[in-house]
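Participant: This is what each chain is made of:
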Amino acid sequence: MQPVLEISDLHVFRQGSHILKGINLSLSGGSLALIGRNGMGKTTLILTIMGLLKASTGSVRFKGEELTGKKPYIIARQGIGLVPQGKRVFPSLTVDEHLRLVFNPKRISKADSIWNIERVYALFPRLKERIHQEGNRLSGGEQQMLAIGRALVTNPSLLLMDEPSEGLSPILMDSLIETCHRLTEAGISLLVVEQRLHFASAVSDKYAILMTGAVVHQGAFPELLRDPNLLSTYMGIGNSGES
Amino acid sequence: MDISLTTMMMITLNGVTYAGLLFMAASGFTLVFGLMRVVNMAHGIFYLMAAYLGLTIYRMTGNWWLCLIGSSLMVAFCAYVLQFTLLRKVQGDDLRETLLTLGIGFTVGDLLLAFYGGMPQRLTAPTLFSTPVSLGFLIYPGFRLFVLGVSVFIGLFLWALLKFTQLGRIIRAGVDDREMTSAVGINIDRAFTGVFMLAGLFTGLSGVIGGSYIAFAPGEDIHVLIYSLIVVILGGLGSLGGAALGALTVGLIDSFSKTLFPAFTMFFLFGTLMLVLAFRPYGLLGKER
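Sequence order for the protein chains is A and B.
Going by my numbering, 103 is the number at position 103 of the first sequence; the sequence numbering is gapless.
Going from the second sequence to my numbering is simple: count from 1 and add 243.
It cannot be assumed that every hint is accurate.
Stated by the list, open to error - Below are the DSS-like pairs computed for lysine-lysine, each with C-alpha atoms no more than 27 angstroms apart in a straight line: (1) Lys-71(A) <-> Lys-21(A); (2) Lys-501(B) <-> Lys-406(B); (3) Lys-54(A) <-> Lys-21(A); (4) Lys-70(A) <-> Lys-128(A); (5) Lys-332(B) <-> Lys-71(A); (6) Lys-128(A) <-> Lys-106(A); (7) Lys-332(B) <-> Lys-70(A); (8) Lys-332(B) <-> Lys-54(A); (9) Lys-332(B) <-> Lys-128(A); (10) Lys-21(A) <-> Lys-206(A); (11) Lys-106(A) <-> Lys-406(B); (12) Lys-70(A) <-> Lys-54(A); (13) Lys-63(A) <-> Lys-206(A); (14) Lys-70(A) <-> Lys-21(A); (15) Lys-71(A) <-> Lys-54(A).
What the hints assert, rightly or not - Some chain B residues well away from chain A (every beta-carbon gap over 12 angstroms; in silico): (16) Met-253; (17) Phe-396; (18) Phe-407; (19) Ser-425.
Bear in mind the hints are in silico, worked out from the structure with no lab data behind them.
Fair warning: this is a prediction, and the values are worked out from it, not measured in the lab.
Note that beta-carbon positions come from the ideal geometry of N, C-alpha and C, so glycine has one too.
Please put together the full structure from these sequences, using the hints given.
Facilitator: Listed below in structure tokens is the structure:
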């Protein structure tokens, strides 16, 4: 089976420093958590996949098609959605305007089970209550829902989520985990950048550890959580399994 | 000083119609500088170019409406060329934008001087507008009322465009977060080029209308640029209502001080700007960013 996302020997520089030093990563459906300490290049990787940062060498393939060198809007139209770090909702657009800005039925090829505005409201009834509120007047949890909804109406087959649990209360985190499960059940692949192991392991069964710009370890979560050596080496935490 | 009520009304009305002209001239600048934050110092030259192009078209055809439409379309095209070939390459870099557009402003200004000479010129508005209109309490030049009407129309058009259309949503989202707008599948560069052309079109319209309202000569471009800057900054960057309010303030100050204390016009104008910015650093209706 062809992988959804295949990254090989990807190098990225930011302001002169070599951030990504030969990333190799493959995702063939389901959900993969990208973990690792701060400043290891996780966000840089997400932004590079989306086309917001330029790769100097290497390749990023999405369903077999090369993405490097393409503009972000082209990449988005090919089926990759971004839920960025800090949510980045538009302060001067209302909830409804966010979704209407992005949803374009003409651009969607598959006829069945499309993510339209009503379906996003069905997934997040809370957003429907805030329909005419501007982005900057929403709570952190609502902004996260809107950021996910905004990405969903592009009808992605791969969703990139950068620190989605950041700033969420435990209750909201639980509902976000449930949302992620519903998305993977709906056939959307997830690449989730996370600091919190508890959250990452609840959302994904597989993980990849990023350290100083390279993937140093990959595997399935149950093993990682049972292995105190791995945890302390790569994550800098004890064997409690929590961060 | 003793002034009658009619004179007061006359001065006010002059101020309001002049505000209309200012708003019209600054509307394109509000879009480009206020919203998109592109420091377009060539704004004034678009205005002057439209007036001179209008002059040529008028000499050829004798039809004012034709110069209004033809000239605006040509300026919109020039704006497109400027944005697509040059400005796009320095996008987001304020200093380069400023230098590039200033350079273009000076170059085109000198070309216009070489071509049309330095004598003040004026376009002739259709006779339709030269008939004074009776407003009951006073008789008023028809053309000035036309100017006011057009500026109100432009204001409402832009408001509706920004608030209700997809292009409006794209502009607002792009101004908030350009990268993110692109990451949700929107070709933001193309949209911004479109806005730049629209701004050129409005500046072109205002150049022909303004050139029929007051005489123009080389140097008028700097005037228009400075007044547009004052209007947009006074009103608050990115606020359409602010630009309207800014234009109204400048128009009324100009009209009243020119009639009552002609020597102090600039003092009152910049004094007001200073006071407003001292208490509201983001302008009358501007939002903190």
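Participant: Run the structure past the numbered hints and jot down the numbers of the failing ones, going up.
Facilitator: Violated hints: 2, 4, 9, 18, 19; rest satisfied.
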